[in-house]
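Colleague: Sequence:
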Amino acid sequence: MLTRKLGRAGLEVSAIGLGCMGMSEFYGPSDDLASIALIRRAIDLGLCFLDTADMYGVGHNEILIAQALRDGYRNKAVLATKFGNMRRIDGASLGVNGRPEYVKAACDMSLKRLGSDHIDLYYQHRVDAEVPIEETVGAMADLVAAGKVRYLGLSEAGPATIRRANAVHPITAVQTEYSLWTRDPEAGVLAACRELGIGFVAYSPLGRGFLTGALREPSKLDQRDFRRLHPRMTEENLAHNLALVGRIEAIAARRSLSAAQLALAWVLSRGKDIVPIPGTRHEKYLADNVAAVDLVLSPGDLEELERALPPGSAAGMRYNAEGMKRVGL
Numbered sequence: 001m002l003t004r005k006l007g008r009a010g011l012e013v014s015a016i017g018l019g020c021m022g023m024s025e026f027y028g029p030s031d032d033l034a035s036i037a038l039i040r041r042a043i044d045l046g047l048c049f050l051d052t053a054d055m056y057g058v059g060h061n062e063i064l065i066a067q068a069l070r071d072g073y074r075n076k077a078v079l080a081t082k083f084g085n086m087r088r089i090d091g092a093s094l095g096v097n098g099r100p101e102y103v104k105a106a107c108d109m110s111l112k113r114l115g116s117d118h119i120d121l122y123y124q125h126r127v128d129a130e131v132p133i134e135e136t137v138g139a140m141a142d143l144v145a146a147g148k149v150r151y152l153g154l155s156e157a158g159p160a161t162i163r164r165a166n167a168v169h170p171i172t173a174v175q176t177e178y179s180l181w182t183r184d185p186e187a188g189v190l191a192a193c194r195e196l197g198i199g200f201v202a203y204s205p206l207g208r209g210f211l212t213g214a215l216r217e218p219s220k221l222d223q224r225d226f227r228r229l230h231p232r233m234t235e236e237n238l239a240h241n242l243a244l245v246g247r248i249e250a251i252a253a254r255r256s257l258s259a260a261q262l263a264l265a266w267v268l269s270r271g272k273d274i275v276p277i278p279g280t281r282h283e284k285y286l287a288d289n290v291a292a293v294d295l296v297l298s299p300g301d302l303e304e305l306e307r308a309l310p311p312g313s314a315a316g317m318r319y320n321a322e323g324m325k326r327v328g329l
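329 is the number that our numbering gives the last residue of the sequence shown; the numbers go up by one with no jumps.
Hints were generated in silico from the structure; no laboratory data involved.
Note that this is a predicted model, so its numbers are computed, not measured.
One thing to keep in mind: the hints can contain errors.
[Unchecked claim] Straight-line alpha carbon distances no greater than 27 Å define the calculated BS3-like cross-link-like pairs of lysine-lysine that follow:
#1 284 to 220
#2 148 to 104
#3 76 to 5
#4 5 to 148
#5 272 to 5
#6 284 to 272
Whole structure, please, built from the sequences with the hints as guidance.
Modeller: Quick look at the structure:
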C-alpha cells in the first residue's frame with residue numbers, strides 16, 4: 001500500500017483510509033464480527049488509517065474498533081477519532097460542544113472506549129459557533145502536551161477558522177466531504193490547507209455509495225438508512241444524479257474499471273496531500289477500493305471527468321438545511 005503524509009509534521013498514513021461510521025449506524029444493520037474481520041483485513045492489506053468518531057453509534061464504533069485492534073493490531077493502525085457532536089444515549093442530537101472542559105472529558109471517554117493510551121489524530125467534528133476556536137484548539141493542544149493525542153485536526157471548518165486554529169497549534173489535517181459530486185473544498189478550504197501545510201482528508205469520496213452505481217433505488221434501502229432522506233437521493237433529484245453516475249460508469253467501463261475505482265482515483269489525483277477515507281462493510285468493496293490506489297488517470301481522463309461532472313453539477317445539497325448550518329464555519 002502506498003502512503004501519504006498529512007501536514008508539515010508528516011503524519012504518515014495509507015494512501016486511502018477506512019471510514020468506519022457505517023459499521024455502527026446510519027447505513028442500516030451491521031454485523032460486529034464481520035466488521036472486526038474487515039478492519040483487520042484492511043490493516044493486513046496495508047490500509048492502516050482508520051476513521052471514527054465518538055458520536056458514531058453513540059460510542060459503539062469506538063468500542064468496535066477497540067475490539068478489532070486487539071492482538072497487536074493497534075500498533076499497525078493510525079487511529080483518528082472526533083469529538084464535538086453531542087448526542088443522548090437514544091441518539092438524539094444535543095448540539096455542538098467545543099468548550100475546553102468538554103474537549104478534555106470527551107478525549108478521556110474516547111480513550112477508554114478505544115482501549116488505547118493515545119489517539120493518533122484527534123478532530124473537532126464540527127466547529128462550535130459559540131466558542132472561540134482558539135479556546136477549543138488550546139484545550140486540544142493540552143491533550144497533545146499530556147501525551148493523550150499525537151496530532152490535531154478539524155472537520156468541516158472554513159478557511160478563516162482553519163487559519164485561526166493553526167495559529168494556536170499546528171493542525172495536521174482538515175476533514176471535509178470531497179468527491180466528484182461535492183467540490184466545495186475547492187472554494188477555499190484546500191487553498192488554506194496548502195498555504196498552511198495542512199493535509200486534507202476527504203470523507204464520502206464515493207458520494208455515500210451513490211457514485212459506485214450500486215445505489216439506484218434509495219427508497220428500497222433499510223428504514224434505518226439515512227440515505228433514504230438524503231437531499232441528493234430524493235425523488236426530485238434522483239433522476240438527474242443517476243444520469244451523472246451513468247457518465248462515471250461509462251468512462252470507467254472504457255478503462256475496465258469500476259465506477260468506485262474511477263471516483264477514488266479522481267480524488268487521489270487531486271494532490272499528494274489528499275487522503276480519501278471511503279467506508280465499506282464488505283470485503284469485495286474493500287479490495288476494489290484498495291486497487292484504486294495504484295491507478296493513474298491520464299490528463300485526458302481527468303478532462304473527460306471534468307466535462308462529465310463539472311463543479312455544481314449535482315442536484316440537491318449534501319446535507320439537509322439543518323446539517324448545512326454546521327459546515328464551513
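Colleague: Sort out which numbered hints this structure fails and list those numbers smallest first.
Modeller: none
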